[in-house]
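Asks: As a plain string of letters, each chain reads:
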Amino acid sequence: DTQMTQSPSTLSASVGDRVTITCRASQSISSWLAWYQQKPGKAPKLLIYKASSLESGVPSRLSGSGSGTEFTLTISSLQPDDSATYYCQQYNSYPRTFGQGTKVEIK
Amino acid sequence: QVQLQESGPGLVKPSQTLSLTCTVSGGSISSDGYYWSWIRQHPGKGLEWIGYIYYSGSTYYNPSLKSRVTISVDTSKNQFSLKLSSVTAADTAMYYCARDDGSGSYYANWGQGTLVTVSS
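If you read the sequences in order, they're chains V and Y.
For any residue, its number in this note's numbering is found by taking its place in the first sequence, counting from 1, and adding 1.
For any residue, its number in this note's numbering is found by taking its place in the second sequence, counting from 1, and adding 931.
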C-alpha cells in the first residue's frame, strides 16, 4: 500500500493568513492526488484533483501543487469557512489511501 | 447531479454481518465508466477505502478487508450494497458510499454517511 502522511496534524491560524498543508507519499504517485475538506458531521468534499486542478465551485484561494512524493494544499487567505479537516488521497494504485488528516482551526 | 444515500442497521452484533445499501438518484448506476465505492471512517479518525464495484459488475477490495467484504449491485433498484462479515468493535465506523469521477480515481460524489456501531 502507498502510505500518505500529512503535516501538521493540527494548525491554528488567523483570518487572512496563508496556510500550507503538506502530504507525502511513501512512493511516487506522479500527480495522482486529490484533496478533500471535511466539516463535522459531513461527508468529505472534493477540492482538488490531479494535484493542482480545482474542482468546480471551489474558491480560488485554495490551490494545490506538487508531484512525485510531496504535495501541498495552500489557502492563500484563510477564511472562517475554511475551518475543517483536510485529507489527501492518492489514486496512483490500489488500495486507494488517504492521509490521516489536518485540522485547520481559526484563532 | 447524482445523489447517493446510505441505509442499513445502525447497530450490529459482534460476529454478525454488516449490510448496507447505497441508493443512487439523478443518474443510472449502470452508466458507462463509473466506479461505485464504499469508504469508512472510524470515530475521530481518517478515511479507509473499502472497495468498489464497477458499472460492469467487476469488484476490487482493500486487501486488509478482502476476506470479509462483498460489494454487489442491483441495477433494477439503482442500488449497490456492502456486506462485511464477522464484524468486531473495530468495524464501528461511519460508512460512506461514493462515486468516482469516471476513471476510478477520486470521489466527487458522496453519500451523507451512516454510522454503524458493533456492539452486543
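It should be emphasised that the hints constitute simulated quantities derived from the structure, not laboratory data.
A hint or two may mislead.
[As the list claims (entries may be wrong)] The calculated DMTMM-like cross-link candidates involving lysine to aspartate or glutamate, where the alpha carbons are at most 25 angstroms apart (straight line), are:
#1 V:43 to Y:979
#2 Y:997 to V:2
#3 V:43 to Y:1031
#4 Y:997 to V:83
Asks: So, for every hint listed, does it hold in this structure?
Replies: Taking the hints in turn, this is what the structure says about them:
1. V:43 to Y:979: 16 angstroms, holds
2. Y:997 to V:2: 14 angstroms, holds
3. V:43 to Y:1031: Since the Cα atoms of residue 43 of chain V and residue 1031 of chain Y sit roughly 18 angstroms apart, the hinted pair holds (cutoff 25 angstroms).
4. Y:997 to V:83: Roughly 36 angstroms between the alpha carbons, so the hint for residue 997 of chain Y and residue 83 of chain V is violated.
The structure fails to meet hint 4 from the earlier list, while all remaining hints are met.
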